[in-house]
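Colleague: Sequence:
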Amino acid sequence: ICLVLSDPPISYSRTSNFGMQASFDAGCLLSLGALMRLAAAALNYEIYCILDGSPSNVPSITELSDHTGHYGTYRFSISLASVIFSDLCCYLVLSHATSHGPFASHFQGLLVASCFLDVLQALTTSFRYHYLPIQLAGFSMCLTLLGTLQLLWPISSCKGALRVAAVLFTILCVDLLAVAILHNHWAAPRSLPSWTSLEYLGLALYTAVLVVISYALPPALVKFDCPPHLVPLECGKSLLLQHQKRKTHK
Numbered sequence: 176i177c178l179v180l181s182d183p184p185i186s187y188s189r190t191s192n193f194g195m196q197a198s199f200d201a202g203c204l205l206s207l208g209a210l211m212r213l214a215a216a217a218l219n220y221e222i223y224c225i226l227d228g229s230p231s232n233v234p235s236i237t238e239l240s241d242h243t244g245h246y247g248t249y250r251f252s253i254s255l256a257s258v259i260f261s262d263l264c265c266y267l268v269l270s271h272a273t274s275h276g277p278f279a280s281h282f283q284g285l286l287v288a289s290c291f292l293d294v295l296q297a298l299t300t301s302f303r304y305h306y307l308p309i310q311l312a313g314f315s316m317c318l319t320l321l322g323t324l325q326l327l328w329p330i331s332s333c334k335g336a337l338r339v340a341a342v343l344f345t346i347l348c349v350d351l352l353a354v355a356i357l358h359n360h361w362a363a364p365r366s367l368p369s370w371t372s373l374e375y376l377g378l379a380l381y382t383a384v385l386v387v388i389s390y391a392l393p394p395a396l397v398k399f400d401c402p403p404h405l406v407p408l409e410c411g412k413s414l415l416l417q418h419q420k421r422k423t424h425k
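All you need for this note's numbering is the position in the sequence shown, starting with 1, plus 175.
Heads up, some of the hints might be wrong.
Claimed, not checked - With a cut-off of at most 25 Å between alpha-carbon atoms, the simulated SDA-like pairs for lysine to any residue come out as follows:
{"id": "1", "residue 1": "Lys334", "residue 2": "Leu210"}
{"id": "2", "residue 1": "Lys334", "residue 2": "Pro277"}
{"id": "3", "residue 1": "Lys334", "residue 2": "Pro407"}
{"id": "4", "residue 1": "Lys398", "residue 2": "Gln283"}
{"id": "5", "residue 1": "Lys398", "residue 2": "Val287"}
{"id": "6", "residue 1": "Lys398", "residue 2": "Leu210"}
{"id": "7", "residue 1": "Lys334", "residue 2": "Ser280"}
{"id": "8", "residue 1": "Lys334", "residue 2": "Val349"}
{"id": "9", "residue 1": "Lys334", "residue 2": "Ser270"}
{"id": "10", "residue 1": "Lys334", "residue 2": "His281"}
{"id": "11", "residue 1": "Lys398", "residue 2": "Leu207"}
{"id": "12", "residue 1": "Lys334", "residue 2": "Leu321"}
{"id": "13", "residue 1": "Lys398", "residue 2": "Tyr266"}
{"id": "14", "residue 1": "Lys334", "residue 2": "Leu285"}
{"id": "15", "residue 1": "Lys398", "residue 2": "Ile330"}
{"id": "16", "residue 1": "Lys334", "residue 2": "Ala379"}
{"id": "17", "residue 1": "Lys334", "residue 2": "Phe199"}
{"id": "18", "residue 1": "Lys398", "residue 2": "Ser270"}
{"id": "19", "residue 1": "Lys334", "residue 2": "Ala383"}
{"id": "20", "residue 1": "Lys334", "residue 2": "Tyr266"}
{"id": "21", "residue 1": "Lys398", "residue 2": "Ser332"}
{"id": "22", "residue 1": "Lys398", "residue 2": "Phe199"}
{"id": "23", "residue 1": "Lys334", "residue 2": "Ser274"}
{"id": "24", "residue 1": "Lys334", "residue 2": "Cys348"}
{"id": "25", "residue 1": "Lys334", "residue 2": "Leu324"}
{"id": "26", "residue 1": "Lys334", "residue 2": "His271"}
{"id": "27", "residue 1": "Lys334", "residue 2": "Val386"}
{"id": "28", "residue 1": "Lys398", "residue 2": "Leu263"}
{"id": "29", "residue 1": "Lys398", "residue 2": "Ala256"}
{"id": "30", "residue 1": "Lys398", "residue 2": "Leu267"}
{"id": "31", "residue 1": "Lys334", "residue 2": "Ile346"}
{"id": "32", "residue 1": "Lys398", "residue 2": "Ser274"}
{"id": "33", "residue 1": "Lys334", "residue 2": "Leu318"}
{"id": "34", "residue 1": "Lys398", "residue 2": "Phe260"}
{"id": "35", "residue 1": "Lys334", "residue 2": "Leu267"}
Treat the hints as calculated values from the structure; they're not laboratory data.
Work the whole structure out from these sequences, hints included.
Modeller: Here it is in structure tokens:
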């Protein structure tokens with residue numbers, strides 16, 4: 176378990192201009208964003224199946240967040256807000272945690288593209304070909320998670336958490352591949368459940384991967400300034416410096 180867990184997730188520091196400034200543990204913020212998105216999907220499922228009186232078959236995540244039904248606007252707003260919040264947390268935390276490495280600049284571009292495609296698919300749920308942006312977003316998300324694991328491995332002291340995240344990530348990739356095969360009718364194996372059920376499993380796995388990754392991040396605090404920014408803790412700085420020294424000696 177990383178040392179960052181021993182401190183409370185929220186702390187306050189005194190500033191000269193604005194009095195007290197709140198800060199939040201970076202790993203906790205990443206987990207919070209992912210869990211909020213999962214909770215929003217669960218809430219929309221209840222609204223879709225109970226309040227809107229929709230059919231009892233398992234709806235897709237797209238159907239949960241579109242404008243159909245009496246509460247469609249609320250479901251769309253809940254989904255969009257959770258996606259934007261989750262992507263902002265991912266960008267803020269991961270862009271800082273993976274800023275050191277041979278492919279850090281490439282990863283930054285991939286992270287921006289992944290967040291952009293994710294927000295785009297959340298905005299276009301009523302689009303006839305919505306499966307195109309959502310599949311592109313899923314593919315870019317997998318590449319982003321792969322890059323995150325690769326960049327964190329040399330600098331993280333929580334190798335066990337990264338191993339668990341790698342296993343969950345592998346299962347996630349297999350699940351998303353099965354969703355694409357079933358949804359696009361590339362094959363119709365009878366042994367697999369419906370692609371909508373696998374889609375929910377994918378969302379749960381995605382949440383689990385981010386939560387586990389949050390344990391392996393270099394310790395840092397998010398300062399809620401304008402704009403918000405991350406400040407590495409002393410132990411996090413030492414990890415990065417040690418990694419850079421090893422690269423220099425090589």
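Colleague: Does each hint fit the structure? Answer for all of them.
Modeller: Right, here's what the structure says about each hint:
Straight-line distance between C-alpha atoms of Lys334 and Leu210 comes to about 23 Å, which keeps the hinted pair within the 25 Å bound. With a CA separation close to 20 Å, the supplied pair Lys334 and Pro277 stays within the 25 Å bound. In summary, the hint linking Lys334 to Pro407 is supported, as the alpha carbons are separated by about 19 Å, within the 25 Å threshold. This hinted pair checks out: Lys398 and Gln283 have alpha carbons roughly 21 Å apart, not beyond 25 Å.
A C-alpha spacing of about 21 Å is found between Lys398 and Val287, which places the hinted pair at or below 25 Å, so the restraint holds. Our distance criterion of 25 Å between C-alpha atoms is met by Lys398 and Leu210, whose separation comes to about 21 Å. Distance restraint check for Lys334 and Ser280: the Cα-Cα separation of roughly 24 Å lies within the 25 Å cut-off, and the hinted pair is therefore satisfied. Taking the CA atoms of Lys334 and Val349, the gap is near 23 Å; set against the 25 Å cutoff, the hint holds.
Among the hinted pairs, Lys334 with Ser270 is consistent with the structure: their alpha-carbon atoms are about 20 Å apart, no more than 25 Å. At most 25 Å may separate the alpha-carbon atoms for a hinted pair to count; Lys334 and His281 meet this at roughly 23 Å. With a C-alpha separation of about 16 Å, the suggested pair Lys398 and Leu207 falls inside the 25 Å cut-off, and the hint holds. For the hint pairing Lys334 with Leu321, the CA-to-CA distance comes to about 15 Å; that is within 25 Å, so the pair holds.
Annotation: proposed proximity of Lys398 to Tyr266 holds, straight-line Cα distance about 15 Å (limit 25 Å). Straight-line distance between C-alpha atoms of Lys334 and Leu285 comes to about 24 Å, which keeps the hinted pair within the 25 Å bound. Restraint check: the Cα-Cα separation between Lys398 and Ile330 comes to about 22 Å, which is no more than 25 Å; the hinted pair holds. With a C-alpha separation of about 22 Å, the suggested pair Lys334 and Ala379 falls inside the 25 Å cut-off, and the hint holds.
Taking the CA atoms of Lys334 and Phe199, the gap is about 23 Å. The hint holds against a cut of 25 Å. Proposed proximity of Lys398 and Ser270 is supported: the alpha carbons are some 15 Å apart, at most 25 Å. Restraint check for Lys334 and Ala383: satisfied, since their Cα atoms lie roughly 16 Å apart, inside the 25 Å limit. Restraint check: the Cα-Cα separation between Lys334 and Tyr266 comes to about 22 Å, which is no more than 25 Å; the hinted pair holds.
Of the supplied pair hints, the one linking Lys398 and Ser332 holds, its CA atoms being roughly 23 Å apart against a limit of 25 Å. Using a Cα cut-off of 25 Å, the hinted pair Lys398 and Phe199 holds, with the two alpha carbons roughly 7 Å apart. For the given pair, Lys334 sits about 19 Å from Ser274 by alpha-carbon distance, which is consistent with the 25 Å threshold. Between Lys334 and Cys348 the CA atoms are separated by roughly 21 Å; this keeps the pair inside 25 Å, and the hint holds.
Using a Cα cut-off of 25 Å, the hinted pair Lys334 and Leu324 holds, with the two alpha carbons roughly 10 Å apart. Using a Cα cut-off of 25 Å, the hinted pair Lys334 and His271 holds, with the two alpha carbons roughly 19 Å apart. Simply put, Lys334 and Val386 have alpha-carbon atoms about 15 Å apart, close enough for the 25 Å limit, and the pair holds. Proximity of Lys398 to Leu263 is assessed by CA-CA distance (about 14 Å); at most 25 Å being required, the pair is judged to hold.
At most 25 Å may separate the alpha-carbon atoms for a hinted pair to count; Lys398 and Ala256 meet this at roughly 21 Å. Annotation: proposed proximity of Lys398 to Leu267 holds, straight-line Cα distance about 11 Å (limit 25 Å). Using a Cα cut-off of 25 Å, the hinted pair Lys334 and Ile346 holds, with the two alpha carbons roughly 19 Å apart. This hinted pair checks out: Lys398 and Ser274 have alpha carbons roughly 18 Å apart, not beyond 25 Å.
A distance of roughly 20 Å separates the Cα atoms of Lys334 and Leu318; the hinted pair therefore holds under the 25 Å criterion. Taking the CA atoms of Lys398 and Phe260, the gap is about 16 Å. The hint holds against a cut of 25 Å. Pair hint Lys334 plus Leu267 holds up; C-alpha atoms about 22 Å apart against a cutoff of 25 Å.
Of the numbered hints listed earlier, not one is contradicted by the structure.
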